[in-house]
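So the sequence lines, in the order shown, correspond to chains A and B. Numbering-wise (our numbering), the first sequence opens with residue 1207 and increments by one. Numbering-wise (our numbering), the second sequence opens with residue 86 and increments by one.
If you're looking for bench data, these hints aren't it; they were derived computationally from the structure. This one's a predicted model, so the numbers in the text were calculated from it and none came from an experiment. Where is the CB? At the ideal position from N, CA and C, for every residue including glycine. Take these hints with a grain of salt, some might be off.
[Stated by the list, open to error] Calculated cross-link-like contacts (lysine to aspartate or glutamate; reagent style EDC-like; alpha-carbon spacing at most 20 Å):
(1) A/Lys1218 to A/Glu1286
(2) B/Lys93 to A/Asp1234
(3) A/Lys1283 to A/Asp1247
(4) B/Lys158 to A/Glu1307
(5) A/Lys1218 to B/Glu150
(6) A/Lys1311 to B/Asp157
[As the list claims (entries may be wrong)] Okay, the calculated beta carbon distance ranges per label pair:
(7) B/Gln120 to A/Ala1243: 37 to 47 Å
(8) B/Glu111 to A/Thr1240: 24 to 34 Å
(9) B/Asp110 to A/Arg1261: 38 to 48 Å
(10) A/Lys1244 to B/Val96: 23 to 33 Å
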Amino acid sequence: MKYYISMGSSWKAVADDSRRQVLLLLRDGEKTPTEMAKSFDFTLPALSTHLRVLRDADLVRERKVGQNRFYSVNREKMSEMMTFFDGFWDEKLIRLKHHVEAKGKGGS
Amino acid sequence: MTGTEIRKTLVVDAPPHIVFKALTDEKELVKWMPQESRIDARVGGRFEFKYRLGERGIERVVEGEILEFIPDKRLSYSFHPPVSNDRGRADGPPPDSIVTWSLDELPDGKTRVTLVHEGIFGIARVAENIWDHYTAQLAQYCRSSSVVTRQRETNH
Chain A
1207 MKYYISMGSS WKAVADDSRR QVLLLLRDGE KTPTEMAKSF DFTLPALSTH
1257 LRVLRDADLV RERKVGQNRF YSVNREKMSE MMTFFDGFWD EKLIRLKHHV
1307 EAKGKGGS
Chain B
86 MTGTEIRKTL VVDAPPHIVF KALTDEKELV KWMPQESRID ARVGGRFEFK
136 YRLGERGIER VVEGEILEFI PDKRLSYSFH PPVSNDRGRA DGPPPDSIVT
186 WSLDELPDGK TRVTLVHEGI FGIARVAENI WDHYTAQLAQ YCRSSSVVTR
236 QRETNH
């Protein structure tokens, strides 16, 4: 059940337009906050808040090189979320099948 | 399961209209999908589904907007957690994940149900979807304006 809790934090983390824009920007490869700020209207403090939320949700990774911090998308976490929805839909589709088949036989 | 898209197909022993009703009717939805549902079943209508997940019944709310509504054939909606940013929804369509249900009528009153859930992180496919939307609109616009142009040509 820990699984649902961790999924909740990533689901919430991507519930924000700005954070999804950050993920979109990082899709092409790792970037520093300064590089990212050029592509957005964000101030650096706002951007670092978004990066912290994404990092806490384990959706982005941080790499320090000297003074610089590089951020990249955590692909493993993303595939975990895909696995979650995969199982979610499997369960719902089975329930849908049972429901409509019972309904059809009941002569609705 | 490839990239950011989930695609599933199954055959159910019920006709398309029964399946479509199960996908779009508040009272039917709670029998198999969320624990609570509110849905304004039309293109542009919004919905809210409440799920209680796992043994501990953790509540998750999902909401979205109906993008396509073709009775007994196709239903597509954006699917995302409640938007919680400062700017709300005023900025136009956020890069949501999109759920599409397609129903194909089979012999003997059966239906092939295809589910596609794409753009789960709002990072892939979605940009393409938006462009598909605009290019389709552009194509439509070009077609209708070329009809107008041709009419003008023939009129003069």
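Hints and how they fare:
A threshold of 20 Å between alpha carbons decides the hint, and for A/Lys1218 with A/Glu1286 the separation of about 15 Å falls inside it, so the pair holds. For the hint pairing B/Lys93 with A/Asp1234, the CA-to-CA distance comes to about 28 Å; that exceeds 20 Å, so the pair is violated. For the hint pairing A/Lys1283 with A/Asp1247, the CA-to-CA distance comes to about 27 Å; that exceeds 20 Å, so the pair is violated. Of the pairs offered as hints, the one joining B/Lys158 and A/Glu1307 holds, with about 18 Å between alpha carbons and a cut-off of 20 Å not exceeded.
About 18 Å separates the Cα atoms of A/Lys1218 and B/Glu150, which keeps this hinted pair within 20 Å; it holds. Between A/Lys1311 and B/Asp157 the alpha-carbon distance is near 18 Å, which keeps this suggested pair within the 20 Å criterion. Take B/Gln120 and A/Ala1243: their Cβ atoms lie about 42 Å apart, and the range 37 to 47 Å holds. The hinted range of 24 to 34 Å is not satisfied by B/Glu111 and A/Thr1240, whose Cβ atoms lie roughly 49 Å apart.
For B/Asp110 and A/Arg1261, the Cβ-Cβ distance of about 42 Å falls inside the hinted range of 38 to 48 Å, so the restraint holds. About 51 Å separates the C-beta atoms of A/Lys1244 and B/Val96, a value inconsistent with the hinted range of 23 to 33 Å.
Violated hints, in rising order: 2, 3, 8 and 10; the structure is consistent with all others.
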